[in-house]
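J.: Residue numbers (my numbering), protein chains in the order written: chain A, 31 to 146; chain B, 11 to 124.
Heads up, some of the hints might be wrong.
[As the list claims (entries may be wrong)] Within a straight-line C-alpha distance of at most 30 Å, the following computed DSS-like cross-link-like pairs (lysine-lysine) qualify:
| id | chain 1 | residue 1 | chain 2 | residue 2 |
| --- | --- | --- | --- | --- |
| 1 | A | K74 | B | K80 |
| 2 | B | K83 | A | K74 |
| 3 | A | K74 | A | K113 |
| 4 | B | K26 | B | K83 |
| 5 | B | K83 | B | K13 |
| 6 | B | K80 | A | K113 |
| 7 | B | K26 | A | K74 |
| 8 | A | K108 | A | K41 |
| 9 | B | K13 | A | K113 |
| 10 | B | K119 | A | K74 |
FYI, nobody ran anything at the bench for these hints, they're computed from the structure. Since this is a predicted model, take the numbers as computed values, not measurements.
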Amino acid sequence: EAGVAQSPRYKIIEKRQSVAFWCNPISGHATLYWYQQILGQGPKLLIQFQNNGVVDDSQLPKDRFSAERLKGVDSTLKIQPAKLEDSAVYLCASSLARLGQQYGYTFGSGTRLTVV
Amino acid sequence: AQKITQTQPGMFVQEKEAVTLDCTYDTSDPSYGLFWYKQPSSGEMIFLIYQGSYDQQNATEGRYSLNFQKARKSANLVISASQLGDSAMYFCAMREDSNYQLIWGAGTKLIIKP
């Protein structure tokens with residue numbers, strides 16, 4: 031089974047520029063999550079999708095971050111404009127259903143964003 | 011209030027020794043799951059082991075076992091016969107079945123010494 035695919039792997043941008051990340055979850059996984067992980071900390075949930083609907087985006091800074099999951103499959107996360115404090119690893123994860131299965135959540139390799 | 015607490019920011023362990031990574035949690039939800047993940051320096055988050063709140067026995071997966079003490083709300087990870095490749099960050103996480111989100115601890119950096 032193919033894993034969760036994310037791209038790009040690394041991205042360096044200047045502050046105030048925009049950036050987009052892409053995630054393709056495991057086939058058949060209804061739930062998709064975007065996490066932000068700042069160096070030295072645990073991941074923080076930004077947004078959770080169930081199919082193509084948003085379940086929770088309470089921690090998404092909506093003035094600059096947006097995400098979509100058209101057709102309930104792959105997803106994009108955008109930051110516009112970026113700030114220095116957005117430097118982090120952005121992890122995408124997927125799971126079979128809202129009822130997290132015994133094997134939990136499968137993560138992609140992440141996108142390491144550096145804002146200079 | 012912190013829902014997941016990992017009190018060990020870092021640990022050094024000699025190769026081949028067993029190591030216990032601590033995790034305590036706080037929830038009023040009767041149905042929940044506890045997870046341990048490994049994150050090497052390359053950044054990917056690797057699932058290690060899962061324990062459901064209603065599971066009667068402690069979970070085991072190869073060299074990993076979970077010491078689940080429900081009354082104490084602790085879910086410590088035990089790695090037997092540690093290897094150099096075990097050096098990584100280890101995260102404890104909890105999913106409350108009322109909202110299906112993973113709540114993460116701050117992590118423990120484990121370094122295995124040869």
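J.: Looking back at the numbered hints, which does the structure fail to meet, lowest number first?
T.: When the structure is compared with the hints, numbers 6 and 7 turn out to be violated.
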